[in-house]
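Trainee: Produce the entire structure from the sequences given, and follow the hints as far as they go.
Each chain, letter by letter, is given below.
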Amino acid sequence: MVALDKLLDRFSANRDEAGIQYELARRKVIRYFEWRSVAAAEACADETMDRVARRIDEGQKVDKLMAYIFAVARHIFQEVLREEQERPQIGLDDAPPEWLRQKPPEIVDPDIREICFDRCLEGLGSEGRNLILGYYEGEGRAKIDHRRQLARKLKIPLNALRIRVHRLKRTLEDCIAECLKRTAVRNR
Amino acid sequence: MRYLLGDLSKEEKTRLEEQYFLDDAEFEQLEIAEDELIDRYVRKELSAEDARRFEKLLGSPGISERVEVARLIAKRTAQVPQPAPAPVGWWQRLFEPGKTSAFRPAFTMSLILLLLTPAFIFVWMKLRTESQQLAQEQQQRENLRREMEAQKVRLSELEAKLDKTQKEKEEQAELAAKYRELLAEEQQRSVPAVTFPIFLSPGSGSRGSGGNDIPDVTIPHGVPQVGLNLNVTHGGDDYPLYNASVKNIDSKGPLITKTRLRPISQRGRKYIRINLDASLLRAGSYTVHVDGITATGQTDTFEDYFFRIKSR
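Chains as they are written, first to last, in the numbering used here: chain A, 1 to 188; chain B, 1001 to 1312.
Misleading hints may appear alongside valid ones.
Stated by the list, open to error - Capping the alpha-carbon separation at 27 Å, the derived lysine-lysine pairs in DSS-like fashion look like this:
(1) LYS1056(B) with LYS1010(B)
(2) LYS1056(B) with LYS181(A)
(3) LYS1152(B) with LYS1167(B)
(4) LYS1075(B) with LYS1056(B)
(5) LYS1075(B) with LYS1013(B)
(6) LYS143(A) with LYS1075(B)
(7) LYS1152(B) with LYS64(A)
(8) LYS1178(B) with LYS1164(B)
(9) LYS1126(B) with LYS64(A)
(10) LYS1075(B) with LYS153(A)
(11) LYS6(A) with LYS61(A)
(12) LYS181(A) with LYS1075(B)
(13) LYS1013(B) with LYS64(A)
(14) LYS64(A) with LYS1010(B)
(15) LYS1169(B) with LYS1152(B)
(16) LYS6(A) with LYS64(A)
(17) LYS1310(B) with LYS1258(B)
(18) LYS143(A) with LYS1044(B)
(19) LYS1164(B) with LYS1152(B)
(20) LYS1152(B) with LYS1178(B)
(21) LYS143(A) with LYS153(A)
(22) LYS1178(B) with LYS1161(B)
(23) LYS61(A) with LYS1152(B)
(24) LYS1167(B) with LYS1178(B)
(25) LYS1044(B) with LYS1075(B)
(26) LYS1310(B) with LYS1252(B)
(27) LYS1247(B) with LYS1258(B)
(28) LYS155(A) with LYS143(A)
(29) LYS1270(B) with LYS1258(B)
(30) LYS1161(B) with LYS1010(B)
Calculated directly from the structure, the hints in this document are not laboratory data.
Mentor: And the structure:
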């Protein structure tokens, strides 16, 4: 815990702000591994943050925290690549490191997902729900025109509309993930 | 999107990743690009090649889940009653030959890609320029940092020099103070420059060398002090010390009495010196009675001296 506390202090002296910054950094690392087609992206991200916290706790001088996190993530990505290349030659007794061992994916009942989706969509409120559905309405050119009209109606630039919808979508996705977790725990 | 579809070189990928790690706004834009890509994938608006490339990312549970959410959104928006289509102009009719035409989606897709490609190129070039600018700024920052270090060193040297100068100044001030003390002591011992000297030889007295002439003295105007220098040369070594008192012949008591005066040698003669305020010596006749003090402390009458002050 001490190592994590030191890492949070590096993000910000204010604990709440530090938590937000930490989560953003972790999300960047997760995306980095996802976009690099690493299946165990979350596990790799957790390993990255743990290593960074350990190094800081050991007294390593870190000037630019995000650049350091990126460097550690890249290093872990190289380890993953090596592991994948060497795996066919590794004997059955040699297992990959624990943090890299991918958990079997949770099998999600699509109906339960849809229930969670509807529940969470309602949770955004009518304004949020209408904005998301309005943004993704239509196809092709009609979709683009519709988005421009929406931006004009809200009196914001198109990029600001994209950002607003993206943040709503993230809230929706996080809510669905939480809902699925609770449902999975209940069903065990 | 080229990054997400694996269409960038190794270096371009690393540069972009470094950028979004350091810049939250860039990261958000990339997430938005992923949203768009996923939406087009679920609506089957990607080319076969792009769809194949995108499917490589589906090995990640996170991306798969986001794809499922996008499917649900697309399903919901498909259920939303579509507004009546706006009247289509001849230009649009040219590029949208018919709703049932199979040519339309592929053409639309190609047109979108054609329109978006310059934008992607522009964004990529902008990223490149900004990356170069960032490198330049970092170099400038490094140069400034080095200059600051050099300035700090110079400042330390100057501070050390200042300390040394201040110490020297303090020492000089001490020496000056000591000198002033010595000078003040010296000045106290010597006759002040503003003292008007009067030299008197013995007049009538037991050891007087003669001369009944009483000297007339005119004290200059504005002189604050008068120094009576009494010649005691003929006292020789008999009297190491003298007492002297100055009296106006018209007044009863002495004006001033000085005891244990040590004679001072001056030009082969010995004098005892009495300083007194010039205001005490009004016009009139004065006597100075001097007693000698022997080595054993005995007091003997020595001499009387006379002088007259003329009106000033």
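Trainee: Does each hint hold? Answer for all of them.
Mentor: Here's how the hints hold up against the structure:
1. Among the hinted pairs, LYS1056(B) with LYS1010(B) is consistent with the structure: their alpha-carbon atoms are about 17 Å apart, no more than 27 Å.
2. In summary, the hint linking LYS1056(B) to LYS181(A) is supported, as the alpha carbons are separated by about 26 Å, within the 27 Å threshold.
3. Using a Cα cut-off of 27 Å, the hinted pair LYS1152(B) and LYS1167(B) holds, with the two alpha carbons roughly 22 Å apart.
4. At roughly 24 Å between alpha-carbon atoms, LYS1075(B) and LYS1056(B) fall within 27 Å of each other, so this suggested pair holds.
5. Among the hinted pairs, LYS1075(B) with LYS1013(B) is inconsistent with the structure: their alpha-carbon atoms are about 34 Å apart, more than 27 Å.
6. Between LYS143(A) and LYS1075(B), the direct Cα distance comes to roughly 15 Å. Compliance with the 27 Å bound is thereby established for this hinted pair.
7. With a C-alpha separation of about 24 Å, the suggested pair LYS1152(B) and LYS64(A) falls inside the 27 Å cut-off, and the hint holds.
8. Between LYS1178(B) and LYS1164(B) the alpha-carbon distance is near 21 Å, which keeps this suggested pair within the 27 Å criterion.
9. Proximity of LYS1126(B) to LYS64(A) is assessed by CA-CA distance (about 24 Å); at most 27 Å being required, the pair is judged to hold.
10. Only pairs whose Cα atoms come within 27 Å are accepted, and LYS1075(B) paired with LYS153(A) is accepted, the gap being roughly 24 Å.
11. Only pairs whose Cα atoms come within 27 Å are accepted, and LYS6(A) paired with LYS61(A) is accepted, the gap being roughly 12 Å.
12. With a C-alpha separation of about 23 Å, the suggested pairing of LYS181(A) with LYS1075(B) holds against the 27 Å cut-off.
13. Straight-line distance between C-alpha atoms of LYS1013(B) and LYS64(A) comes to about 20 Å, which keeps the hinted pair within the 27 Å bound.
14. Between the alpha carbons of LYS64(A) and LYS1010(B) the distance comes to roughly 23 Å, so the proposed pair stays at or under 27 Å and holds.
15. A C-alpha spacing of about 25 Å is found between LYS1169(B) and LYS1152(B), which places the hinted pair at or below 27 Å, so the restraint holds.
16. The suggested pairing of LYS6(A) with LYS64(A) holds, with an alpha-carbon distance near 15 Å, which does not exceed 27 Å.
17. The suggested pairing of LYS1310(B) with LYS1258(B) holds, with an alpha-carbon distance near 24 Å, which does not exceed 27 Å.
18. The suggested pairing of LYS143(A) with LYS1044(B) holds, with an alpha-carbon distance near 14 Å, which does not exceed 27 Å.
19. A hinted pair counts as satisfied when its Cα atoms are at most 27 Å apart, and LYS1164(B) with LYS1152(B) qualifies at roughly 18 Å.
20. Taking the CA atoms of LYS1152(B) and LYS1178(B), the gap is about 39 Å. The hint is violated against a cut of 27 Å.
21. Taken as a hint, the LYS143(A) and LYS153(A) pair is honoured in the structure, with Cα atoms around 15 Å apart against an allowance of 27 Å.
22. With a C-alpha separation of about 26 Å, the suggested pair LYS1178(B) and LYS1161(B) falls inside the 27 Å cut-off, and the hint holds.
23. Distance hint between LYS61(A) and LYS1152(B) is fulfilled; the C-alpha atoms sit about 23 Å from each other, no more than 27 Å.
24. For the hint linking LYS1167(B) to LYS1178(B), the alpha-carbon distance of about 17 Å falls within 27 Å, and the restraint holds.
25. In summary, the hint linking LYS1044(B) to LYS1075(B) is supported, as the alpha carbons are separated by about 13 Å, within the 27 Å threshold.
26. For a cut-off of 27 Å, the pair hint linking LYS1310(B) to LYS1252(B) stands: about 20 Å separates their Cα positions.
27. Restraint check: the Cα-Cα separation between LYS1247(B) and LYS1258(B) comes to about 12 Å, which is no more than 27 Å; the hinted pair holds.
28. About 18 Å separates the Cα atoms of LYS155(A) and LYS143(A), which keeps this hinted pair within 27 Å; it holds.
29. The straight-line distance between the Cα atoms of LYS1270(B) and LYS1258(B) is roughly 17 Å, inside the 27 Å bound, and the hint therefore holds.
30. Taken as a hint, the LYS1161(B) and LYS1010(B) pair is broken in the structure, with Cα atoms around 56 Å apart against an allowance of 27 Å.
Consistency note: the structure conflicts with the earlier hints numbered 5, 20, 30.
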